[in-house]
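**Q** Take the sequences, apply the hints, and build the full model.
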Amino acid sequence: MSGEQHEEATDQRCIELVELLTAYLDDALTDDIRTQFEEHLEGCAGCQAALAQWRTVAGLAGRLSAEDVANLDPYVRDRLMATLVIPRRR
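So in my numbering, spot 6 of the sequence shown is number 6, and the numbers just go up one at a time.
For the record, the hints were derived by calculation from the structure and aren't laboratory data.
Accuracy of the hints is not assured; some may be wrong.
[Said to hold, decoys possible] Distance ranges between label pairs, derived from CB positions: (1) Ala52 with Asp78: 21 to 29 Å; (2) Glu19 with Leu80: 14 to 22 Å; (3) Arg55 with Ala82: 15 to 23 Å; (4) Ala52 with Glu16: 15 to 23 Å; (5) Thr30 with Pro74: 35 to 43 Å; (6) Ala50 with Ala70: 28 to 36 Å; (7) Val18 with Gly62: 32 to 40 Å; (8) Ala66 with Ala23: 19 to 27 Å; (9) Arg77 with Arg34: 31 to 39 Å.
Keep in mind the model is a prediction, meaning the values are calculated, not measured.
Don't be surprised by glycine CBs; every beta carbon is placed ideally from N, CA and C.
**A** Following this line, the structure appears as structure tokens:
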């Protein structure tokens, strides 16, 4: 496999991993998918950083009350939701 092909395969794997981040954090992956996820994570600094960011976001979001969310400016709420939504493959 050429270096370019390896990069493309890694990039695709990273995209797949990012789509599984919330399921990973919720402990909702099957054992075999979790193992593959963690094996990839061990060697990928970018995916490690993405996981750390999601852990931070989840921790901060968990501190918000229903009143906090209800009182968010609609523009801010929409931007936040757009940032948090992970596109799903069809």
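**Q** Quick check: which numbered hints come out false for this structure?
**A** Hint 7 alone not satisfied by this model.
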